[in-house]
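Residue numbers (the UniProt record's numbering), protein chains in the order written: chain A, 1 to 289; chain B, 1 to 408; chain C, 1 to 316.
Be aware that one or more of the hints could be misleading.
Using C-beta positions, here's what the derived DEER-type ranges look like [stated by the list, open to error]:
hint	chain 1	residue 1	chain 2	residue 2	range
1	A	K161	C	W166	56 to 62 Å
2	B	G264	A	Y59	23 to 29 Å
3	A	Y130	B	L212	37 to 43 Å
4	C	L77	B	G394	56 to 62 Å
5	A	H127	B	K89	38 to 44 Å
6	C	L75	B	G395	48 to 54 Å
7	B	G394	A	I110	30 to 36 Å
8	C	L285	A	G152	55 to 61 Å
9	C	M193	A	R167	32 to 38 Å
Below are the DSS-like pairs computed for lysine-lysine, each with C-alpha atoms no more than 27 Å apart in a straight line [unchecked claim]:
hint	chain 1	residue 1	chain 2	residue 2
10	C	K173	B	K155
11	B	K238	B	K262
12	B	K388	C	K143
13	B	K238	A	K126
14	A	K126	B	K155
15	A	K56	B	K322
16	B	K393	B	K186
17	B	K159	C	K128
18	C	K76	B	K238
19	B	K262	A	K126
20	C	K76	B	K345
21	B	K393	B	K155
22	B	K116	C	K128
23	C	K143	B	K139
24	B	K345	B	K91
25	B	K155	C	K76
26	C	K173	B	K133
27	A	K56	B	K116
28	B	K133	B	K40
29	B	K116	C	K143
30	B	K215	C	K128
31	B	K358	B	K89
FYI, nobody ran anything at the bench for these hints, they're computed from the structure.
By construction, the Cβ of each residue, glycine as well, lies at the ideal position given by its N, Cα and C atoms.
So you can see what is in the structure, the chains are spelled out below.
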Amino acid sequence: MAGQIIIGGLAAGSLYALAALGLILIFKTSDIVNFAQGEMAMLITFISFTFLTVTKLPYFVSFLLSLVIAFIFGMAVERIFMRPVQKAPILNQIILTFGLYMVFRGVAGIIWGYTPVGFPEALPNKHFNYVGITITINQIFIFVVTTILMLGFYLFFKHTKIGLAMRASSQNIATAKLMGIGVSSVFTRTWGISAILGGIAGILIAPVTFLDPNMMGEVGIKAFAAAILGGFTSLPGAIVGGLLIGVFEGLIAGYVSSELKSVFVFALIILVLYVKPTGILGEKITKKV
Amino acid sequence: MRKWLVNSLIMIICLVLAACGGTNSSTTSTKNAKEKSSVKNSQGVTDDEILIGGWVPQSGPAAQWGILAEVYQSYFNKVNADGGVNGRKLKYIAIDDEYQPSKTVAAAKKLVEQEKVFAILGTTGTAHNKAVKPYLTQKGIPVVAVASGDSAFVKPAVKNYFALQTNYDIEARIFSTYANKELKAKSVGIFYQNDDYGIVYRDAAVEELNKLGIKVAAQESYNPTDVDFSAQALSMKKASPDVVFLFASPKPAASFLKEFDKIGGSAERMLTYTSADSTMIDLAGADVMEGVLSTTWVKSLKDKDNPLIKEYVDQISKDIPKQDPNSVFMRSAWAYAQVLVEGLKRSGDNLTWENFIKQMETLKDWDGSLAYNVTYTSDYRYGQTSVKISQFKGGELVDISDVIKYEP
Amino acid sequence: MKIKRLQILFISILLLGYPLLVGFSSYFIYVAGLFIIYAIMAMSLNLLTGFGGQISIGHAAFLAIGAYTTAILTLKLGLPFWLNLPLSGVITAIVGFLIGLPAVRLSGHFLAIATLAFGLAIPEIMLKWEGLTGGFAGLFIEKPSLFSSDTSFYYFTTVIALIITWLILNLLKGNFGRAFVAIRESEIAAEAMGVNVSLYKTLMFSISAFFTGIAGSLYAYFVGFISPHDFNMNISLIVLAMIVLGGLASITGSILGAFILTIIPQVADRFPGFTITITGAALILTILFLPNGLISLFNYKWKRKKTENKQLSLEG
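Chain A extracted, bound-state conformation (with noise of 0.2 Å):
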């Protein structure tokens, strides 16, 4: 049973290893947390959905098509709603980023209702049975994606220019300016690129949880917990806090309690927190004076 709990556990953690990573991006580069990353997720999956059934597109066409939108509509909220705050007061943002997410959520309801529906699974579903554990392509799968995400993002912020200049900018708007970096467009193209992490997000973790205006709820929490157990600026540190969750839950939910899991994940990340205030994988802040 043990084994079955640990596998289940590494399948929910990669869900909230995969939503991680597009908050962690943000944060990573424009200091912004993004309480409407999960919203954002939601309403390019329903943009996917629309594509599949309305037009009767192929599943991987329709997947790429809304990951193009993601990418636009990642940039459009950066320009409209997100540059204006850029020097604003943490809170401002945080509140600008719920409000956000309760307009996504709202007018996805609006528009495509509140009754959940099935969404594809991105392989066949099939499964495999070793000693006694039973496995999913899809969960597989989730997990490879995730892991090739944040391998690829972590190599193309540390050897790339662009990665490098968004590093920069999230070091100090003003000097990467100096150097010549366009911070503003970094910003933007950042936001692009969490959107599309977050479609892909979406459309992996809808075949779990259904799609409804509602379906990042839960995954959505535990991705922010699973961002900061990892350390918030750490893309290695969101698939270790994501799988952590995720088995720690796992056991909790098959030994102690299914009902409290959730209370002892965050008296476990409260304990971390407190043993290292900067997450398992975090950066030193130090501080200004």
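Following the hints, complete the assembly by docking chains B and C onto the known chain A.
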């Protein structure tokens, strides 16, 4: 200091205004009482209109029940197109309470005192309905078809409350009896939602199973917002009961059944009527749902020649084309509205709360709605306890028994 | 200038009282009562966040603890309400103190998420602790016999709110207030000036929790029914939104924000499905066009400088 002055000013003016509001409210209530004694009809009734209201979450975690309000409106559209009730058109006001009891209290007060509706129809949420029950009972306004099967609204019978959907305790007993007699179960596992709704079911089922000498092999719970059910499915499989009862809302039930199926769990599965809907096929897939048993208290769309079914399908396809009319929730909502309108019809031109309640109590084994055998008396407010056993077969939910009437 | 300022304040007061003027029923009193309770909560959160610079996205949990304390003390122990009210505050303050301990080490987003975790965990614990809290079925609380009607309890709530406002304003004028602001501006500088940062941060949490606990107690009596549905994360975020919308580090701003965000859902509930969209849009527009909150509409030049200073980064 200045701020302090300003604040106290605001507060004082608040107080004064509150005082005005307070005195006003008392004067109007006495005025109302006078009106009631001199004018024949209760509030919400004019010569050409009857006002009906209710709250339904249209945003927030339970927004999927928002569809109920659309169905009520659709039924009223039909009644109005046919000339209304004794010449009066029906007007329906839905308030979004966002599934928050404090807002439900506001909604109830608004409906009764501001909008002055005649009756309250099909309101959602067990906790939410409970929160306003003392207030609505004190006002005496008829509350028809509370969209909850909790016993709090029928046991003991309350003068102004008329339930309709199958009582949760009764369905738990139906499940237990069926598992015992038809499925010859020796042990039962229970998967339930950790809230007022799931726990009521669980308690009733455990009590009944104990009476029947059936072992309760597992009790697995989850929180309403959970998305991962692998641990529960595993524990359930490990306990290997003959029958699994699912007292869960659609999304968790579908996820659990998928997971249970995937890890090779095998048992007869019985799913509460509050989730046994065509959406389950969409969510969990026809393969997974094949053979799942449930009960239904509303008539099936299979019976196409039945004029009740025909008028339902026609009107819903016109008003809510986006939704599949086969939905059990929508058929239930239609039945709620039908029962209310029948009470209004029987009240004739004497539209007082007193008379409406009296007329509702004349319904006896009434079969003119999508529900079976609707009955009310002064101490029996279940509405109906008549269900058919149904089963998911080949991607459809079909009735597999005749109407069975259970005694509460 | 001052006269004009007063005029605008009078307009806002009129707006504030408008529903009560047109209201001939206890419905408007109920909504106004909710507004006052949220205003108390917003003021206490503003104390912590606006003045002290500590973000909390879990304040609904303090409201819940206050409300449940009152309900449990009333139902299980039969204590009278004049004892319940302060006790709810004290017990919530103790919890706030415990939460404040680990929070001292955190700042910015990490503190935000730690408080978010707290806010999410409390309702779940209450659910699980069924014997005490009634789980999802909730608890009914009767109003104290002295203030048994909505109107009289509304008066009572208003008086309590007045006292709390007075207390908070005095607190801010004194050493506490200066220490809070010093910590917000720069923890390191505050420490250097001899402010015991850890102690003050924990105290801030306790004080804010104390007033929120009182608000919770009033909430339990006023609504008459509590269940975990009432204290979810959205409530925490809405209250946070109230203070940002109204104006950070401003007591009148908190009141204004609480007013707006209590009224919007009541006005919007007749447009099914649009409630959260309208609330969200209001938040976005305010942040974009009035970054210092609605209160900045009422502040004049001589004050502006002060508010600008207050808008300095909260992370310090």
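How the hints compare with the structure:
no. : hint                        : verdict
1   : A:K161 - C:W166: 56 to 62 Å : 59 Å, holds
2   : B:G264 - A:Y59: 23 to 29 Å  : 28 Å, holds
3   : A:Y130 - B:L212: 37 to 43 Å : 40 Å, holds
4   : C:L77 - B:G394: 56 to 62 Å  : 59 Å, holds
5   : A:H127 - B:K89: 38 to 44 Å  : 57 Å, violated
6   : C:L75 - B:G395: 48 to 54 Å  : 50 Å, holds
7   : B:G394 - A:I110: 30 to 36 Å : 35 Å, holds
8   : C:L285 - A:G152: 55 to 61 Å : 37 Å, violated
9   : C:M193 - A:R167: 32 to 38 Å : 35 Å, holds
10  : C:K173 - B:K155             : 57 Å, violated
11  : B:K238 - B:K262             : 14 Å, holds
12  : B:K388 - C:K143             : 45 Å, violated
13  : B:K238 - A:K126             : 22 Å, holds
14  : A:K126 - B:K155             : 49 Å, violated
15  : A:K56 - B:K322              : 17 Å, holds
16  : B:K393 - B:K186             : 25 Å, holds
17  : B:K159 - C:K128             : 34 Å, violated
18  : C:K76 - B:K238              : 40 Å, violated
19  : B:K262 - A:K126             : 9 Å, holds
20  : C:K76 - B:K345              : 47 Å, violated
21  : B:K393 - B:K155             : 36 Å, violated
22  : B:K116 - C:K128             : 39 Å, violated
23  : C:K143 - B:K139             : 18 Å, holds
24  : B:K345 - B:K91              : 15 Å, holds
25  : B:K155 - C:K76              : 24 Å, holds
26  : C:K173 - B:K133             : 46 Å, violated
27  : A:K56 - B:K116              : 48 Å, violated
28  : B:K133 - B:K40              : 26 Å, holds
29  : B:K116 - C:K143             : 25 Å, holds
30  : B:K215 - C:K128             : 25 Å, holds
31  : B:K358 - B:K89              : 22 Å, holds
Going down the numbered hints, you'll see the structure goes against 5, 8, 10, 12, 14, 17, 18, 20, 21, 22, 26 and 27, while the others check out.
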